[in-house]
Structures are given as C-alpha cells and as structure tokens.
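K.L.:
Could you build all of it, start to finish, from the sequences and the hints given here?
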Amino acid sequence: MADAQQTSQDASQTQAARAARVIEQTLKNAELTWENPEPGSYVVTLPGTRKLSTTCSLRVGRHALSLNAFVIRHPDENAEGVHRWLLERNLRLYGVSYAVDGLGDIYLTGKLPLAAVTEDEIDRLLGSVLEAADGSFNTLLELGFAGAIRKEYAWRVSRGESTRNLDAFAHLTQGPSGPSAPSGPSA
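Heads up: the sequence shown at position 66 corresponds to 66 in UniProt numbering, and the numbers run straight through without jumps.
I should point out that these hints are in silico values taken from the structure, not numbers from a laboratory. Source: prediction; values computed, not measured. Ideal Cβ positions, reconstructed from N, Cα and C, are used throughout, including at glycine. Check the hints yourself; a few may be wrong.
Unchecked claim - Simulated DEER-style distance windows between Cβ atoms:
hint	residue 1	residue 2	range
1	R84	K28	38 to 44 Å
2	E80	L172	18 to 24 Å
3	A170	Q13	51 to 57 Å
4	K111	A17	15 to 21 Å
5	N138	P39	35 to 41 Å
6	H63	V100	21 to 27 Å
7	E80	G127	27 to 33 Å
P.N.:
Have a look at this one:
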C-alpha cells in the first residue's frame, strides 16, 4: 500500500514539474511580463486595451492548474444586473468563468488537469482571460458604475479637465443636446 501511495506521489510531482516547465516556456514565448514568487506559482500581467492590464495568477497544484484573475471591484450599483450579465456570459467562455468573492469583487477562475497543460492550452486560457477581462471591462463599468462615471465626467468638465478617457461612455454622459449638466445640491 505504501509503495502505491509513493508511486502516486511521484507521478503527481512529475506532472507538476512538467506543467511548470510548460507554463514557463509559454510565458517566455509570449513575451509576457511574469513573476515566479514560489515554485509552481506564477503571476502574469496581461496587457489590455480597455483595461490597462489584467493580473493573472497561475498555481500548479497536485492534480490541477488553477487560474485566478481580478477583473473589477464590486459594483457600486445594479449588482443584480451585473451578476446576471456575468452568469449569461459564463455560458460562452472557454476554460474560465466569472466568480464573485465575499466582498463582491469580480474574478475569472479556471482549473485544468495537469495532464492537459500544454503550451497551446495555456495560450488559449490566457487569451480567454484577456478577452473576458479586457473585452468586457467597459460593459461592466457601464452596468455597475454608471453613476460614478457621470459624476467623474461632471467633475472634470467643471474644472476644465480632459474627459478623453471617458469617451467610451459618452452615451452615459451626454444628453440629446450635448454634455449633461451637473445637477443636484452638489452642482
């Protein structure tokens, strides 16, 4: 019995070491910025266009590779609408899914058996993370932070500051006759 357990442990360690080598080679080939803070643990920075970057953690376990990437903090408003959108979107994602932590912050998570870890599969998973985090970023901001976007826009306009990085949200900040004017007691 002890020999069988030892053989199983040896096989797990061999698979974990192979998976780690594959991950490192994939990250090098993709020319991504990454760290290896401890054996079997990788922190990768994926560059974005809507979201500046997405930090993705890869952890090689005994039997599986787990992936975790922060997407956005908990929504200020419309949490139910945001969560519904995430669940509907989960149906179309490859290898990852949206998840919410105890604080309501939104992540992407995934698991892959160590035997399935290949350069192509790691590349596909990282691509899926990038598309799901970066590609959905503006939609998530619109759904969960529309009020904050409007306030930020009004604040910048009132001070003559640039609103260029809010251009993607013009439909939220401009009425039919131009920019929305600040209103309410704090205007």
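K.L.:
If a hint holds in the structure, say so; if it doesn't, say that too.
P.N.:
Hints versus structure:
Against the hinted window of 38 to 44 Å, the Cβ-Cβ separation of R84 and K28 comes to about 39 Å, which satisfies the hint. At about 19 Å, the beta-carbon gap between E80 and L172 stays in the expected band of 18 to 24 Å. Taking the beta carbon of each, A170 and Q13 are about 55 Å apart, inside 51 to 57 Å as hinted. For K111 and A17, the Cβ-Cβ distance of about 19 Å falls inside the hinted range of 15 to 21 Å, so the restraint holds.
Hint check: N138 to P39, Cβ distance near 37 Å, so the stated range 35 to 41 Å holds. Range check, H63 to V100: Cβ separation about 25 Å, and the 21 to 27 Å hint holds. Our hint of 27 to 33 Å for E80 and G127 holds, since their Cβ atoms are close to 30 Å apart.
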